[in-house]
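Engineer: Those sequence lines, one after another, are chains A and B. Heads up: the first sequence at position 52 corresponds to 51 in numbering that gives the first Met the number 0, and the numbers run straight through without jumps. Heads up: the second sequence at position 86 corresponds to 85 in numbering that gives the first Met the number 0, and the numbers run straight through without jumps.
For the record, the hints were derived by calculation from the structure and aren't laboratory data. Check each hint, because a few of them may be wrong.
Stated by the list, open to error - Covered stretches of chain B (chain A as the covering partner; in silico rule of three or more C-beta atoms under 8 Å from a C-beta of chain A): (1) 56–65; (2) 82–88; (3) 105–112; (4) 117–131.
None of the values given here were measured: they were computed from a predicted structure. Don't be surprised by glycine CBs; every beta carbon is placed ideally from N, CA and C.
One-letter residues, chain by chain:
Protein chains: 2
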Amino acid sequence: MIDPHSGVPRHRQLADELRARVEAGDYAPGALLPSETRLSQECGVGRGTVRRAIGILRSEGLVDVASGRGTRVREAGAPELVKVPRGARVRSRMPTPQERAELDMPEGVPLLLVLYGGKTKRYAADRTELSHS
Amino acid sequence: MIDPHSGVPRHRQLADELRARVEAGDYAPGALLPSETRLSQECGVGRGTVRRAIGILRSEGLVDVASGRGTRVREAGAPELVKVPRGARVRSRMPTPQERAELDMPEGVPLLLVLYGGKTKRYAADRTELSHS
DNA sequence: AAATATTTGTCCGTATGTATC
DNA sequence: CGATACATACGGACAAATATT
Numbered sequence: 000m001i002d003p004h005s006g007v008p009r010h011r012q013l014a015d016e017l018r019a020r021v022e023a024g025d026y027a028p029g030a031l032l033p034s035e036t037r038l039s040q041e042c043g044v045g046r047g048t049v050r051r052a053i054g055i056l057r058s059e060g061l062v063d064v065a066s067g068r069g070t071r072v073r074e075a076g077a078p079e080l081v082k083v084p085r086g087a088r089v090r091s092r093m094p095t096p097q098e099r100a101e102l103d104m105p106e107g108v109p110l111l112l113v114l115y116g117g118k119t120k121r122y123a124a125d126r127t128e129l130s131h132s
Numbered sequence: 000m001i002d003p004h005s006g007v008p009r010h011r012q013l014a015d016e017l018r019a020r021v022e023a024g025d026y027a028p029g030a031l032l033p034s035e036t037r038l039s040q041e042c043g044v045g046r047g048t049v050r051r052a053i054g055i056l057r058s059e060g061l062v063d064v065a066s067g068r069g070t071r072v073r074e075a076g077a078p079e080l081v082k083v084p085r086g087a088r089v090r091s092r093m094p095t096p097q098e099r100a101e102l103d104m105p106e107g108v109p110l111l112l113v114l115y116g117g118k119t120k121r122y123a124a125d126r127t128e129l130s131h132s
């Protein structure tokens, strides 16, 4: 449960708790989490605190939140394999909102950047795996 | 400036505005952004709204917030080059809090995962560039 | 089809604590 | 010490999206 005097902020405690439940399979992929109001009541914290906790899981790419529907554990799809040419460089960073829109990426998912010959190719990291061969 | 009637939430408008200023070099890397109270006054929004906007930039890895000091544009350090063996696979995702601590990563920075021979090596994406040669 | 309930999204105001200058 | 600035947290109020009846 949440301990207000532990020194750890409550929204972090709650995020840790929910993350543990997800990783333990307590909430399966695709399953709905309890509503914000419910979690607020059951955990004895304000709704804003619940939203912050869920915001953390969102930015970690662990859950998907949809207005009016609720919060679901994100399902991991099999990644597409992309071959990278020899000598290419690979980096990673979070996408700009524009890139997110263009590649139709959910929140909390990083970009994979392949730099080669002065050009840069972008891939959504939740759908892509790079291989060099 | 911020238009309360544009349909776009104010904290998003402000985040877009600040991001644009950063990318335009208006706030240089290492420079301090205006304080939350200042932004709040100048933009005519609540301080909570300012904090949410800055929170977005934080999760994008664009700025660093330090208690009592202010909000700074993150400086991009020269990345270390890591060589990747042939046949290895590369993925990327956001780190768990534990991984963040172990690798001493700031917020909003993804992980680079190199999978090779059943093992997985982790790198902080803001300090690492992968190459195969 | 329509009304209602549920759930998330936004915004505000306020209060308290902690770190820095 | 005081002033400034960020961090956390709560509460209330609506709005918007979706689900349900």
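Engineer: All the hints need checking, so say for each whether the structure fits it.
Structural biologist: Hint-by-hint comparison with the structure:
no. : hint    : verdict
1   : 56–65   : holds (count 3)
2   : 82–88   : holds (count 5)
3   : 105–112 : holds (count 5)
4   : 117–131 : holds (count 7)
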